[in-house]
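Q: Sequence:
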Amino acid sequence: LEDSYYQRNNQTLEEAMLTNPLDIQQRYLGALIYTSLGGPYWLNEYQFMSTEEHVCDWNQVVNDKSSSRSTIFGIACSGEADDDDDSSTHSSILQQRRQIDYIHLPNNNLMGQLPDELFSRIPALTHLSLEYNSIRGTIPYSSSDSIITNNNNNTINWLQQLEYLNLQYNSQLTGSIPAWLFTNNDLPQLKLLWLDDCTGLTGSLPDDSAAASNNNNNKMTSLSLQNLPGLYGTIPSSLLRGMTKLRGFYLSNTDVSGTLPNLDNNGGGMTSLEHLVVTENPGLTGTIPSCYFTNSMPRLERLDLYSNSLDGSLPKLHGESLLPSWRENLKYLYLDDNFLEGDLELFFSFSSSWSGDDSTNNNNGTSTDITAEEDADAAVVVMKEMALQDNFFTGLGHDDDALGAYQHLETLSMYNNPLLKGTLPTQLGLLSNSLEVLDISRTSVQGQIPSELGSLTALRILDLNTNELTGTIPSTFGHLTKLQQLSVANNN
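Just so it is clear: in the sequence shown, position 38 is 82 by the numbering used here, and no numbers are missing.
It should be emphasised that the hints constitute simulated quantities derived from the structure, not laboratory data.
Fair warning: this is a prediction, and the values are worked out from it, not measured in the lab.
Please note that a few of the clues may not be correct.
No more than 35 angstroms apart at the CA atoms, straight line, and that leaves these computed lysine-lysine pairs for DSBU-like [unchecked claim]:
#, residue 1, residue 2
1, 465, 526
2, 263, 289
3, 263, 109
4, 526, 428
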């Protein structure tokens, strides 16, 4: 391969090694990826092993017409080459500039083991995505100890530039989850780490002491560890709090245990966090930390704690600490399939509460009246979906101001709460413009179905089966022109 390629460029391999050794190394690494990961069986070879193309052109650009975006599949390099400039000066610049920094080979039937050189001999690498393949073996070892000296006596710490690492859906990967993936010393630029569905990996997250001693990755924006049954231990609070730019944390279907981490961060909180998804971890117990319901996470849009073993009541909080995060940002709340308890009246009240008085101070220290319109706008909650089913809550909310504030709520699911008693709140009728799905089935609610539910003109699904309801179906249900499913079976 090398002889053929360089002969086409009027060079012998020996001459190329003298004039441009980096180019030789780049071609070797590209060939190694191909041969180690079953290249002849790939769905698309993306010009790998071409004797006509430079290794930096072993790729294919795919255009997505729907989004007007282009994606490079294969290998790409940093720097640019000028084909018209054959000077020795240009050759020297090219040697320094054209280095592999991008490897993108998803869903391409890659098989075999990851070569060690992939993690230890590509110092310019910023993007490595090999998801949806059949790669086997272990993740090669690399750490801050893996340092060499180049020809200019400058040390090179491998993977110091890596920003994006996606190995998800490689179920044949085995061995331990390397601790160095989570430390700032080894991957100081890493922003995204996805290991979902690498079901053969085992190990635990670095504990608090290890995380503190290794300086957490403070550039991480997305950490996804889903469907990893071999992941055990606890969720170290300091590991996450050290990731000050983290926007998404996903931990699902693992064997982790203990309690949810306290993310208050000494009052500072996780100010960038938008998605907190910790689901299907039966070993997680205890109560939900109060900081999850306050401005410690002011940008939180999705809080998903589905199917753990959490218990206790929802935090009883009041005042300005609740605002504005709940009202202005949280759109998706999933607390279903746990062991949570308590009365939901207070929950609905505090999550929509308006902390101001009838007036507020302006910059001059004098009072300025708040109009009714401004007060109403301030109290509106942006939440779209709320799942509270499969728990042990005991009471419903009947506060006009509280329930009426959920003007964007589309789905409210509270089924299979056997201890849920009382009557259906007439205030649900205040959600006339938004509510599409209302499921309060398999509870112990009683009394008549409120006629006010006939105001829910956007409603598509209404499930009230297996309760202790009495009376008749209100005539106002004739206004529910979008209703597709109505279930009131097994009542009185």
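Q: All hints, please: hold or fail.
A: Verification of the supplied hints:
{"no.": "1", "hint": "465 with 526", "verdict": "holds, 29 angstroms"}
{"no.": "2", "hint": "263 with 289", "verdict": "holds, 6 angstroms"}
{"no.": "3", "hint": "263 with 109", "verdict": "holds, 32 angstroms"}
{"no.": "4", "hint": "526 with 428", "verdict": "holds, 18 angstroms"}
When held up to the earlier numbered hints, the structure conflicts with none and fits them all.
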